[in-house]
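Peer 1: Keeping the supplied structure of chain V fixed, place chain Y upon it in accordance with the hints.
The primary structure of each chain is shown beneath.
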Amino acid sequence: MNGLNRNRFRGLSVHVVLMVGVVISVFPFYWIVVMATNTSQDIYSYPPKLWFGGNLLTNIQHLFDKMDFFGSLFNTVIVAVCTTLLVLFFDSLAAFAFAKYDFPGKKFLFGVLLSMYLLPTQLAIIPQYEIMVQLGWLGTLKALIVPAAANAFGIFWMRQYTTSSVPDELLDAARIEGAGFFRLYWHVVLPCVRPALAFLGIYTFIAAWNDYILPLVMLVNPDRLTLQVALAQLYAGHSTDYSMVMSGVLLSVIPLVLVFTFFARGFIADATKGALR
Amino acid sequence: MSSSPVAGPAATGPSSGSGTAPAGRPAPDRPRGGPGRHGRRVRPVSAGARPGPRRVARHWPQYLAISPYYLIFTVFMLFPVIFTVYLAFQKWDGIGDMHFVGFQQFRFLWDDPIFWLSVRNTLVIWVLSTVPMLFLALVLAVLVNSTKRFTAFYRVALFIPSITSLVAIAIFFGAIFSNNFGLINAILRSMHLSAVPWLSNEWTIKLVIAALMTWQWTGYNAIIYLAGLQAIPSELYEAAKMDGAGPVRLFFSITIPLLRPIILFTVVVSTVTGLQSFTEPQVLFGSEASTNPNSGGPGQAALTTLLYFYHQAFDNNDFGYGAAIVWAFFLVILLIVLINWRLVQRKERRP
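Those sequence lines, one after another, are chains V and Y. Take the first sequence: its position 60, counting from 1, is numbered 60 in this note's numbering, and each next residue is one higher. Take the second sequence: its position 224, counting from 1, is numbered 224 in this note's numbering, and each next residue is one higher.
Chain V extracted, bound-state conformation (with noise of 0.2 Å):
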């Protein structure tokens, strides 16, 4: 009897433990939200307000009137779904030539792929200045497009799965038929690694929706930003109207992570395996 209550003790501490490890880790997003629907006023005072107001509207108002929300909402869903689309395309194409096919070139070719896997992107930034420089697309999406549209990571990932869950036997049967590379890719590999792409679109999409650094360089017409350089801008002009700040940070933050939260379960798990590969 007293053995079962101790355990039960211990049980109920790991989750009070735990329960505190979660509100931090969601403190941030309640109090952006009580930041965002009080006046900058609220928030100032002393004691502070904790717990919603009724000024989400006049704070969107107010944001709208200082930055250009829905313009730099429209270029970061842009990059966000160009980025994604030709990753998933191009990733998952050049994963089906290494995961099935022997070529001439093809060990050196994917131990290049496999070495270059941490290189800082840091060291390439300036010269990748000039390019845009000299292309003519400094200031354009394509800037940031162009660059991101195949990926190491992904064409590693894509390859394990491809290795493993692509029957033999279907492309082979796919093969008799008269099949070639390209048609085995669209009507036999593409409905294998659906699961594999899913998590693969919504990394890249996550990480395009919220980089900072390169559109920061490129982006330099201040008419043409993503979410995340306006934000910042914002921020930097105007750091005392909380509450006006705040309403913008609300709605480039909460769509992602309930979109997220959606999807959380199979993408916490293949996001663990990936990293562990």
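Reference excerpt, derived from the structure (chain Y facing chain V, CB under 10 Å, subset only):
{"no.": "1", "residue": "R55"}
{"no.": "2", "residue": "Q62"}
{"no.": "3", "residue": "L64"}
{"no.": "4", "residue": "S67"}
{"no.": "5", "residue": "L140"}
{"no.": "6", "residue": "F150"}
{"no.": "7", "residue": "I171"}
{"no.": "8", "residue": "V269"}
{"no.": "9", "residue": "F330"}
On the chain Y side, residues computed to face chain V include the following (Cβ under 8 Å):
{"no.": "10", "residue": "V156"}
{"no.": "11", "residue": "F159"}
{"no.": "12", "residue": "T164"}
{"no.": "13", "residue": "L166"}
{"no.": "14", "residue": "F181"}
{"no.": "15", "residue": "L183"}
{"no.": "16", "residue": "I223"}
{"no.": "17", "residue": "A227"}
{"no.": "18", "residue": "V283"}
{"no.": "19", "residue": "L306"}
Keep in mind that the hints were calculated from the coordinates and are not lab data. Cβ coordinates follow ideal geometry from the N, Cα and C atoms, glycine included.
Peer 2: Showing chain Y alone in chain V's frame:
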């Protein structure tokens, strides 16, 4: 002590677990065919193909399929990285002519007190964030692993910070640590403590940035550790328990040794990412750069090396010096990763 049976699995653990522990995890997407996989994966179009130009030509669809990555990699990564080396020996503002200056940029860098200050800032922030981050992550992982209830909920809740926009979170931390009106100072005031000028003091600035990084990445690392913990066979624990080992003993004799490859992975990743902190100080203090030579906040306490690089390259248009900074810093990162690697490896060899 060390001859007790409990030490048994610990002593043999690293050698069998090292490097293979991630693969030992039960992963649902492992090949269903099992052993046949390696023999059948590679499927030459015709068995008797001789190497040579004709064989290369026959594989044109495969080369076409992998070409987008290598094209993008060559144009936007490989060439720029090499060109950055070349630039580090030039004086160039990005518009006019380049002038070859030999090692002058590196000599200037060696004597540049602000560069060394930025390296020191970066290292301090990295240590202040990585040590608590990995420690707390391990604690959280062990706790989640010890229970069967709500684990899915915990995993999602702990993971969410890592997918949140860094700009948004930097603004949030700027707000709650605000000197006059922040939530943290309001809490201190309610406890009758004096307010702390968080964003004005050299050390508290670093603490705030480190707290931000800790908040963002602790849960992610906990989830990684959790995957490693779940791969440790429970028979090991049961056998050790039967030999009378307590929970602390179990943790240090079984959990830590078997988790070592994963710990090495998280240390390397958080070193590479932690040393590249840029967005946090740039959003919090970068706006002063153009007007205030004291960029990087009061006392330049938040001037990380990448932020200094950014100012030199893209605010001052000193591309040659920027290239020298970023290459020197890359070598610093490499050195630190190698040191970490050696440290963890050496511990592994210890009996």
